[in-house]
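Place chain R on chain H using the hints.
Number of protein chains: 2
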Amino acid sequence: MIKINSKNILVTGSKGFIGENLIKVLIENGYTVYGIDCKISNHRYCKSKLRYLYKFLNYDISKVNSVKKIYSKIKKINFESIWHFAANSDISKGSNDIDIEIRDTFFTTKYSIDLAKKLKIKKFIFASSSAIFGNTKKSIDENYGPCMPLSNYGAMKLASEGLITSNSDYFDKIFIFRFPNVVGSDNTHGLIYDMIKKSKKSNIIKVLGNGLQKKPYIHVSNLIEVLFHIYKKNIKQLINIYNIGPEDKGVTVKFIISKLKKLKIFFNKKFIYQEAKIGWRGDIPKYSYNIAKVKKDSKIKILSTKNAIEKTIKDLYK
Amino acid sequence: MIKINSKNILVTGSKGFIGENLIKVLIENGYTVYGIDCKISNHRYCKSKLRYLYKFLNYDISKVNSVKKIYSKIKKINFESIWHFAANSDISKGSNDIDIEIRDTFFTTKYSIDLAKKLKIKKFIFASSSAIFGNTKKSIDENYGPCMPLSNYGAMKLASEGLITSNSDYFDKIFIFRFPNVVGSDNTHGLIYDMIKKSKKSNIIKVLGNGLQKKPYIHVSNLIEVLFHIYKKNIKQLINIYNIGPEDKGVTVKFIISKLKKLKIFFNKKFIYQEAKIGWRGDIPKYSYNIAKVKKDSKIKILSTKNAIEKTIKDLYK
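Protein chains in written order, with this note's numbering: chain H, 19 to 336; chain R, 19 to 336.
Okay, chain H solo, but in the shape it has when bound (with noise of 0.2 Å):
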């Protein structure tokens, strides 16, 4: 039973892996959810029982023009707040094209920034990156320093953040959450994504790196609960960073490739690995979180990496 609460929030990037699932939440909580994104594809939601809920705008918000168009088709709505998931998502891709990630995840943030100064929405949330760190031994907590992104992703997601920061006297609320990996049976990329598409292609599939890159993961649906619960809570202070990920330090890739074998897809592939450690310019082969603060500021429990995995893998195995 859905309580319509008769509050709007507008979401950026919504046809995004992360995005859609935040909106399933946002909607299940009675919201109605004002969705921007630049792709077309039919949005899940749009077909749902709960479609009423939910208006898309087919703008990119990386362009200065969008501003406008979409605020004169919304300027008399009221939002409780912003939510601006819309970037880059191919960080391999950026890092070698700068122009990629200045578009897609820089000044997409600086008119999601214009746009809810517009419409005077007074909460911003921003989805930032485990990728703004760069590499490190250490166990990576809310005042690491200093910062030194590998990926031009991370460094558009950290200038993203200060961007942010230095319009806060424009909000009354601002949360930064920065992800590790995301996984879901809906991923629209990632390792998984990547080796189920070359599945279909060829008997013989290419991982990219030595397999050993170890990170950790987050269920996205266990993500978007924390988020909401961190939201909802009645928090004073007006900039709000949080790192949020699962407490180990993570899987190599070559765990993750085990798991997925016992999917029928993948019966017969050959799996080939490189000799770089890294799979890509710009990649992080390992790194972990402290997450105290989330752990003090939600009640929910972040699943480990290993069953973050295994809940993927068996929604796809369903």
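Just so you know, not all the hints are guaranteed correct.
A pair holds if it fits inside one copy or across any two, identical chains being indistinguishable in the list.
Said to hold, decoys possible - Under the rule of at most 27 Å between Cα atoms (straight-line distance), these lysine-lysine pairs were calculated in the DSSO-like manner: (1) K287 / K251; (2) K155 / K314; (3) K93 / K295; (4) K111 / K81; (5) K254 / K304; (6) K138 / K86; (7) K191 / K155; (8) K111 / K140; (9) K136 / K25; (10) K314 / K156; (11) K313 / K156.
Keep in mind the hints are simulated off the structure, nothing from the lab.
Showing chain R alone in chain H's frame:
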């Protein structure tokens, strides 16, 4: 006596206050300097005895087309390093107009990186800023985090740091120097410059803020000495970040004005303060650096803020 070492250095922002002082030292050390700046006003080194060691390239490095044009002019020159000092200098103006900072502080970095790559320059030196940190009561060392800049200038310096590190695999050595406020009798902006400018127009001088903002200052010639000393050291690390400033917590605006009053031009002037604790949107009223790292790596003594201010006033007196 200048020993010509036939080595070339490229400097962006060559007509800026710090850029000009940097070039003086580079030329005195026998370097041939290629300076890039969009300002066309006469440069002092064009007039000096050493003008043959200075080549001025009048281009706006915030524009994509400038990269090609500059490249075609100097592609045959071997450069030891690029010192990227171009940026917006009016922080207050930039905080009310994001686009100024994106263009003059961020895109200048983006295209300086592009130019350095094209010219195969292997050392990149960047003038970053204490503005990246935001408001904090802590003593700020190089590992300080999270960076929450309050000015768009600070945000775009942070963005620049990120873009430099995410492209660090193109370079052999990177220096990121985070400056505090910099003073000198040839200042082209800042409090002292502002007061002198206002004194010429009226007997009543409006000071921004309540005068109690307390900040550390470094004297420009002292700053350049430290930078050049570290630059010449045989440091093996790829990315080297330094917070550069005096060891003290700085002086108040009122202190500086009490010193200025000794100058003839301020006799009979009345200074009026505002109520605001900050001078402008994005101003950081108080901060201090922990400079243990620079003290360890440089033998150059850093003057106290008081001495730096007094030296500036003395030079102005002359």
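Each hint tested on the structure:
{"no.": "1", "hint": "K287 / K251", "result": "neither (47 Å within a copy, 54 Å between copies)"}
{"no.": "2", "hint": "K155 / K314", "result": "both (24 Å within a copy, 24 Å between copies)"}
{"no.": "3", "hint": "K93 / K295", "result": "neither (50 Å within a copy, 35 Å between copies)"}
{"no.": "4", "hint": "K111 / K81", "result": "both (20 Å within a copy, 23 Å between copies)"}
{"no.": "5", "hint": "K254 / K304", "result": "between (34 Å within a copy, 23 Å between copies)"}
{"no.": "6", "hint": "K138 / K86", "result": "within (14 Å within a copy, 42 Å between copies)"}
{"no.": "7", "hint": "K191 / K155", "result": "between (32 Å within a copy, 21 Å between copies)"}
{"no.": "8", "hint": "K111 / K140", "result": "between (34 Å within a copy, 24 Å between copies)"}
{"no.": "9", "hint": "K136 / K25", "result": "within (18 Å within a copy, 52 Å between copies)"}
{"no.": "10", "hint": "K314 / K156", "result": "both (21 Å within a copy, 23 Å between copies)"}
{"no.": "11", "hint": "K313 / K156", "result": "both (19 Å within a copy, 25 Å between copies)"}
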